[in-house]
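Just so you know, the sequences run in chain order A and B. Reminder that position 226 of the first sequence reads as 226 in our numbering, one-by-one numbering, no gaps. Reminder that position 36 of the second sequence reads as 36 in our numbering, one-by-one numbering, no gaps.
Possibly wrong hints are sitting among the right ones.
What the hints assert, rightly or not - Some but not every residue of chain B turned toward chain A, in silico, with C-beta under 7 Å:
#, residue
1, D57
2, Q61
3, T63
4, Q75
5, Q90
6, K108
7, T109
8, M183
9, Y258
To be verified - Cross-link-like lysine-lysine pairs, in silico, DSBU-like; alpha carbons within 35 Å at most:
#, chain 1, residue 1, chain 2, residue 2
10, B, K108, B, K270
11, B, K371, B, K329
12, B, K108, A, K46
13, B, K245, A, K46
14, A, K46, B, K235
Just so you know, the hints here were simulated from the structure itself, not pulled from any lab data. The model shown is predicted, which means the values in this text are computed figures rather than measured ones. Don't be surprised by glycine CBs; every beta carbon is placed ideally from N, CA and C.
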Amino acid sequence: MTSIVEASDMRRRRRHFIDRTMTGVMVGAAVVGVIPLVLILFYLLKEGIPGLSLSLFTEDPNRPGLPGGGVRNSIVGSAIMVTVATLIGVPIAVGCGIFLSEFGQNRLGTVLRFLVDVLAGIPSITIGLFIYGLMVVTRGEFTGFAGGLALSILFLPIVARITEEMMLLVPRSLREASLALGAPSWMTTLRVVVPTALPGIATGVMLALSRIAGEAAPLLFTALGNQFFSTDLFHAMDALPLRIFVYAVGPYDYWHDQAWAMSLILVTFILVVSLIVRAVIGTRVTVRS
Amino acid sequence: MRVARVRWWKAALLTLAIASLALIVVACGGNDSSDEATPADGTATTAGGLATNIGKDDRAQITGAGATFPAPIYQAWFDDYNKKVAKGVQVNYQSIGSGGGIQQFTEKTVDFGASDAPMSDAELAKATDAVHIPMVLGSVVLTYNVSGVNTPLKFDGDTIAKIYMGTIKKWNDPAIAALNSGMKLPDADIQVVYRSDGSGTTFVWTDYLSSVSADWKSKVGTSKNPSWPVGQGGKGNEGVTTAVKQTPNAIGYVELNYAIANKLAFADIKNKAGKFITPSIDATSAAAAGVTIPDDYRVSIVNASGEGAYPIASFTYLLVHKDTQSCDKQKPLVNMLWWVFHDKNANETAKSLNYAPLPATLQPKVDATLKTLTCNGQPILPKG
């Protein structure tokens, strides 16, 4: 009798041991996964805060070798080009997503879905070179518009696929109810499905925004950069990632400080957007339940 | 409940939109500060029969791109010109590398290019109207990381070539010891570091080694990106600096202005006249004074013959079109170049950023070149 009890006791302890060990390993993996993020944020705060100042936002770069000045031209340039990318990207991407979810259950849809996925996988530097060949060489000028266009191509597949996913999440019963009440298919899509999926689509747009705001590669051969303040879309334009790239490898210490501060500004922007996205996703789940 | 929730995220979006709008407004509002810069501080003096600020009423947005090495001085000059002389002229310069500068200039995506190495004959064949304007001089220094060495080490070209060929392997090699008598150098392997990215700095470096070592010339040659016999690579000046700092007994080469700004140790190099020269701005300028300069300025000035000439130096060039169909950009550009070469503060600006100005003896030649530039077939600067 006792031997049976002992045996089952041993098995139980073994199970517990394995359970605890594996839980420990998983927790360890999770911690290791988060360490880089924590270290990056810590290091960014440590290096970035000393370079932060109001003049960073309100002044243009001083001439090299003269400490001080700001990166107003880069912040405004980034804002303009991201806005251009959004204005170009949203209608196309959302339209593409609507087609894929509502009318894409056929061969054309499958091909299109595949192509959008391929587009999402193209390196951003390649997209920059494509726009360079398409717009910069032919027009003979580097322009902020070309930069915005390159960013919009990055933006497109992300928003298109998220729009599709979000619209597929809308319950079938809602569509059926609308159709049963006599609404045509287009009205059902535009007045019922899209509004229901709108928080999700907005989430996708913001995710894509935070993705493209930090891209330097597609701007190198399109917007080029500009040490002067310029809001002219048809001239060279500056952007935060471009200026970080130049300042980080430059010879002056105050450039390095400002590069860190700019990185902090970018990451803060992305963090704020992510928090808003979380809030929006939270909303969507409540609405559906 | 549903209505309230939906409003919440709409409010979040609205907040984001307002915040970004506010940021733009605030940023744009600061515009006034830059406009209050003091106007021409004595720039109206005449030079070569012309006022230095002849372009003060020009209006243009001009874009140039190219070499990374001179980017700080170009941006400093162009910024000064915008703030002190011609408020309507914004000359934007971006560093994309010498190769990129020649490429974009040839493709005509920029109004002017810039390169540390002169254009080759093959490159000129694709851009036949290219004119080289030498702007400043740069030099390359030998930096090292040897513990216990406090005074600058001394090297000659042959020894450096042998180190970079891998035939001199140890710090206590007799060849190095002979140049540095009285110094205790370790019995350790020399860790050679080179630039892994194609660069004008490497071009000057290998150009120098080719001129002092027949062995180097035949086996490796002059190139922006040669196949290195020995050593490890570092990307850019900062990559080489980091590699040298972190590797005991390492040796590498960086630009003089980078070495000064980052307080690196660098070696004295024996020049053609047999003198050991400490790299400096004046010694770099002196290198251009002892060489006969051809009309297109495409000349190597390594191993120059002057007494005080630092032997590893080069011009860095602006590439402009000899003639353009429109005067909108060419005229302000040429007027600005005239200012750069004649404003009394421009040379001081260069020196303060550790760039070596052209020697005064070369100035009349550059003036003559500037006067050959035209737009629509019409000369921009008056003759004489």
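Against the structure, the hints:
no., hint, in the structure
1, D57, "violated, 18 Å"
2, Q61, "holds, 5 Å"
3, T63, "holds, 5 Å"
4, Q75, "holds, 5 Å"
5, Q90, "holds, 4 Å"
6, K108, "holds, 5 Å"
7, T109, "holds, 5 Å"
8, M183, "violated, 30 Å"
9, Y258, "holds, 5 Å"
10, B:K108 x B:K270, "violated, 42 Å"
11, B:K371 x B:K329, "holds, 16 Å"
12, B:K108 x A:K46, "violated, 43 Å"
13, B:K245 x A:K46, "holds, 23 Å"
14, A:K46 x B:K235, "holds, 26 Å"
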